[in-house]
Structure formats: C-alpha cells, structure tokens
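**Student:** These are the residues of each chain, in order.
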Amino acid sequence: MPTKPETLSNDGSGQGGGHGAGRHENVLDVDDLAVHFQLQGGALSRLLGLQARVVKAVDGVSVQLRRGEVLGLVGESGSGKTTLGRALLGLVPASGGRITYHSASKGDRRVSEMRGAELRQLRTDLQMVFQDPHAALNPSMTIEEAVGHPLVIHKIASGRALRMQVAEALERVGLSPVERFLSKYPSDLSGGQKQRAVIARAIILNPEVLVADEPVSMLDMSVRAKILQLMLDLKQEMGLTYVYITHDLASAKYFCDRIAIMYLGRIVEIGPTEEIFANPRHPYTKALLKAIPEPDPDRMVPRDLPRGEIPDAAEPPLGCSFHPRCSEAVAGCGWESRDLRALLEEHWTRKLEAYDDEKALIGDLDGLDRPSTTAKVGKGGAGEVRALLDRIRAENPDEPLWSGVRGIEPAGNGVEVQFQPADSPQLRRAGSVDVACVLYPE
Amino acid sequence: MTEIVEDRVTPVDAPGATVLEARDLRVWYATDRGPVRAVDGVTFELHEGEILGLVGESGCGKSTLGRGLIGLLPEGSARDGELRFRGKDMLKLKPREQHAMRGRDLGMIFQEPLTRLNPLMRISEHFSETLKTHDKSISKAEIERRSLEVLRVMGIPPTRFHAYPHEFSGGMRQRLMIALTLVLRPPFVVADEPTTALDVLVEAQIIRILHDLRANYRTALLLITHNLGIIAEACDRVAVMYAGEIVEIGDAREVFSRPKHPYTRELLRATISLRTTGLNYIDGAPPDLVEPPPGCHFHPRCPDAMKVCATRHPVLRQHDGGSTAQCWAADLADGLADDLTETERTPLPREEIAVADEA
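These protein sequences, in sequence, are chains A and B. Counted from 1, the first sequence has number 372 at position 373 by numbering that gives the first Met the number 0; the numbering is strictly sequential. Counted from 1, the second sequence has number 57 at position 58 by numbering that gives the first Met the number 0; the numbering is strictly sequential.
Don't read these hints as lab results, they were simulated from the structure. Please note: incorrect hints may appear among the correct ones.
Stated by the list, open to error - Anything over 10 angstroms on all C-beta distances counts as not near chain A; from chain B, calculated:
#1 Val35
#2 Ala99
#3 Arg115
#4 Gly170
#5 Val199
#6 Ala233
#7 Arg252
#8 Ala269
#9 Gln317
#10 Leu339
Stated by the list, open to error - Lysine-lysine pairs mimicking DSBU-like chemistry, simulated, CA-CA at most 30 angstroms apart:
#11 A:Lys55 / A:Lys375
#12 A:Lys350 / B:Lys131
#13 B:Lys139 / A:Lys378
#14 B:Lys87 / B:Lys135
#15 A:Lys154 / A:Lys55
#16 A:Lys234 / A:Lys183
#17 A:Lys105 / A:Lys234
#18 A:Lys375 / A:Lys358
#19 A:Lys358 / B:Lys139
#20 A:Lys350 / A:Lys375
#21 A:Lys358 / A:Lys55
#22 B:Lys87 / A:Lys358
#23 B:Lys87 / B:Lys131
#24 A:Lys378 / A:Lys358
#25 A:Lys350 / B:Lys87
Ideal Cβ placement from N, Cα and C applies to all residues, glycine included.
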C-alpha cells in the first residue's frame, strides 16, 4: 500500500527540531492534553453545595501526528477517541495541555488557545468527516450548496468560480457525472453517495489534515471498502494527513500507519500498525484483537474475554483503568472497594442458592461504591464475615483481586479490607511501541 | 478469568426436531407505488438447538423476514405461503391464537434494549408482568425463582433484581432483554441485530451467550446480522438474503469456505477483516423491491452473469458440499444446468455501473 511510510526518522524528539525549515515533521503536536466535562448536578445537589462531577473524556494524552501519515484512534465508546479527534480541530475546548498545529504555509499555531474567528479560520486547514453522513448534511441544502458552503462561509469563491470548484470536488470524490448530483438533496442519495458528498465538502478548502470519525461504520458492507479506497486515493492526490477514528480494528489495520489504542480517556498503547497487530502488548489490545468476529469458518466463539464494560468515566477505577476487566491483572494494578463489590456479585451469580444467607451476613453493598483502597463490609460479626471471604477466596484463589489485598482487619460487626494503592501507569517504551501497563515497566 | 473452552458444538448429526418450517413464504408491504415484495418466496427449516444466521445488505428483507416469522408486521402488510411451527401452519390461525403464541412459543430479541424496557418499572416488575401475561396463577416465589435463574445464566447478579433499567450498562440491558425473552422458554427465538449498538468486547460476550442458548435451553435461534464474522463464529447454518430471496443456505463452515452464489462470495470478499490485504467491493446497489430486475435479481451486479441470468429466474438447487443456492453459474459449475443453450451460457455484457447507482 502506498500510504505506509517505511522510514519514520522521528522518534518523538522532533520537538522544536524543524521550525526553521518551515515544514515541521509533525502536523500536530498534542502535549498532555486534557478535556474535562463538568456534569450538571441536580438542583438539590447544587443547593447542598455538593461537588459537581467531572468526566475526564481525555486525560493526559500526548501524541504526534506526522505529516502524511494515517493515525488511527481506536477504542470502544467512551474511550475518548471522538473527543480527542474533535479537540484536535478545536471543536471542544482543551481543559489543559497544548495542541500545536505546524502549518505548512503559516507557521506554528496553538490550537488549544484559539477562540472564535481564529478557530473558524483554522477550518480551512483542518477538516472533519463525520460518522453519520445523513446527519452531517443539511436536508434542505442541495449537494451543490452543501459542498460549496465552506467556500461561501470563508468568502473564498462565489458565482462561477464557486460552481467550478464544487464540480471539481464532486469529480474528485467520484460523484460524476456532476450534473446528476448538483441539484440533488441528501435524501435522494444512498449512504455511500452521501458520505462522498461529506468528503467533498471536507476537501474543497484543500485542507492539510482530515479527521475522519468512523467514516464507514454507518455504511453497508458492500460499499465500505469503496469509501476507504476513495480516502486513500485522495490522500495520495492531495497530500493529506488523516486521523482515523474507529472502533473497528480490522479496517484500522488496513488503513492506518500507526495506531493509538484508547481506553477511558487515555492512550494505553501506541505504535506502528504492524507491530500492534503482530505483538499486541497491552492486555486491552489483546482482548480487542481476540474479540473481533472474523469471517473465518474455523474460528470459534472466543471464551476468555474481559468481563464487564467500560466503567463510568466520571469515576474511573483507581490505578489502571482497565484492571477490573483485565485478564493479566496483578497486585499493583489498583484494586479497590468497587472491585470487591463486583467480586461478591459475581460469586452470588454463580452460587445463587447461597445468596440470601450470605447477603444477610454481608449487608448493604452500597458503601463499596465510593472508590477507596479500604473497604468496610459485613454486619454479621467480624469472624463470620472473615470466614465467608476466605471461603469465597478458596473458590477461586487465582482471582487477581486477592493479590492486591494487604490485610483484612476486624472493624465493628464486619471487616475492613485494605488494598495496595497504585498509580495509573504511564506510557513507556516497549520495543517499537509505547504501552501503559505495569507489566511493561521501564 | 475463565480458561479458553473453544467448543463449537459439533454439528448435530441427527438434528433435533423441526421447530419452524417456512415454505414459499412471502411478505408484502403496500405502498403508493405498489406492493413491496420484501420477502419473496422463502423456504427453510429450523431445528431444535440450532442457530441459523441470516445475513444480507440493508434493505434485503432480512428484518422483515424475522418479524414476519413472529407475526409482528405493521398495518398494510400481508403474509402468504406456509409457516409451520411444530407442524402447525401459523398463517391459518386466528389473530388471537397467533397473538397467544408470541412470547410463549415465539420469542424476539430486539436491537435497542433501552427502548424496549419501561424506565419506570423495576427489573423484577418486568419479569413479573411477562410471566403473569402467560400464566395468571403464577406465584410470587415462582416468579422470583424463574427470573433469578435466567438472570444467573445471563450473568446478572441477584443483587440487581430490583434495580431500574437506567441503572444498567448497555450490555447488561441487552442481557436483560434476552433474559426477559428466555424466561418464557420459547422454542423459537428471532434475534434481530442484537449486538449492533454494542462495543466489540460486549458484543463478543452477547454472542457467546446466544451461542450457548442451544446447550442451556435447546432454543432454535434465527440470528439476523449484517456481520459475517458473527455468523461464522456463532451459527451452525447460514442463509444469505438478497432482494427478498434466500440465494444460498447451508452449513456455515461450508458456505464460508466454498460459497456457491457469486453474491455470497463477493460479500465475503468485500468484508474488511484482519486478513484483508486488498479492498474489494460490490458495484451498484440492491434493487428496488417494488420492481426487481427480471431473471436473477442479482444479475446487474454479478461478475459471473450469463445471458440466461437476465431472463430466467434461477431455481434453488442442492450443490456439492450440501449447500443450496439459486444461481445459474453455480449450476453450470457443478454440472447441474445441462439444459442451458450455448447462447444462454455466453457472458452477459456488463453495463457500466456508475457511482450514481452505488449503495
């Protein structure tokens, strides 16, 4: 494939290197970016002065977008991939950190500090392709109006010149004969055609970077490959750089030069596509790869998949965010009170017959919902609660939660379980990738 | 974490009793432009403990077929043909009798779990309502026993029995929906894109649950999806639908490794998987079901089309390997179409398919 640059001389040390040359090696530099959303509490909680909850959609992400590459942002919903993509274009304000755009013609610009008119001007260089082409097109605008709209807004062309440029963009994305499409409305077009029109609108300003958020996931499978091929062709012809946001590892494998795997607002693994797929290191990456349903008649339903789902981003797990679902978790992953609740519930799901008696012994579980490295449980007597926990532990001694328990002390009518505290692991070099996991220390 | 137990239940040599049997089943919708033949003469059987995957592009009629089997069709639609549940033709039953079968005999799992759960009702109330609808005299203890048992199979802890739907995550809600369907133990269940709204890891969990149904409940399951990977992993047999017809049906392994119909083959080639090394696609779009093309409905998009394909409708025939397909080219390749004339066998000159006609 022509898109894979074989030699990537940049080793993350390109900071400040190529400024004099005019063309910086990176198009975008993201440095410790944070995007936090304040959750609106109810009227009561505001009256009581309770602290508003904060969702850390993107939390401490550093990444470089290299000129001419396709960078994949891959993760499940709630991983922050879309928010990161939007932040790159200034569509959501950064709460912390820096985004620097190294423009080929206009020098370095700080996207994270732009406002209003400046930000609008930025759109001539950085553009976005949205997931749902039906929602991305105004139903009351013809294709000609929609695709030419950016030129009108930025007062770049009008009249004849506008029409010429629209025709050229439509031609580029394969919507030809152009006359057949100019006066059509979005509702007259199929999904694939609509997405072509959205792409035409995105490239008409001749941008440097295209952020494509799930550009093919709403399309029928017979046409997905066609749209991806179109994007590869356009990249070649126009020298574009792509950020490809997706939950679909299979298309990312084909489409991207580098891939960043995201989980709960952080990048957990990033590196060259071949390496990510040949040697996945982070347990989350491994799980994703195993879970993809492949049209291979000899594949079976995978069994050893992570339990549960992406947790609440307003209160992420302590330590490594992935530890409650991780199949390779160890003592230092950040075990905590909510994990104990999950363990008890899982135990009762298996042993339904013991539920009534044991629940009476353990009592209310809601106290475990506050994230803490100490967990008080039980109301039926310290000795008996302790004995029950020991029995549950004996059922599955390999359960990694127990390795993170530092001690179980009697407390009132129950016990206090003390866990080993842990920090969230940072991205560290491992071979040719970077991975954030305690299994890959410096 | 559990160990890897990769147990594709060995293909049943003696399949269980036939649960559902469709013969030349048709479903129409009335529109201003005339009837839409969304399901146009479909024939298949489904056995106890078997999972049949139904795959096709959007608009091919797969959801209509799924709903048609249950009888959940909108006003202005009609069914014709034969549809036997345990030997009894459901299309001959009175509407009241058909209604009584839903839930008890015929289950349905929908795509959007949140829109199917009442936000004001606790999970326990959902179960109670479902069970009482079909058995007015059921006791409270029995309701709780049966509900908790099916929740256990779905991996939902008993501590959550009295919670409200919004307290559950997306994957848990889909498990709840499956539990609510299964608590009545219907012998036949339609699952219409049950994992489309879910993330890949949760999707895999749900697929595993559906896959295990046959062991736990001996359910006959029709799994509707556009994801060929899910079919390959979870289904015993697969039916490929195009323009209202089943164009190929057979053992999933056989159909995926040796597709007979060019549509099946092209669909597999167009799917982007981890093994994809080049991008392939099918030109054109599925036809308008008010007026499908003459002959084989797929011929305008088919790379193998012959002259006969544009004039004569192909017939369903069994091929080497056991799968059944309706395709003249496949017949010819397997020596099943000796009666075709020389002219009929010549390749059909292909019309240029412009982007103007793509899906």
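**Student:** Please list, smallest to largest, the hint numbers that this structure does not respect.
**Tutor:** The structure conflicts with hints 4, 5, 6, 7, 8, 15, 21, 22, 25, although it agrees with all the remaining ones.
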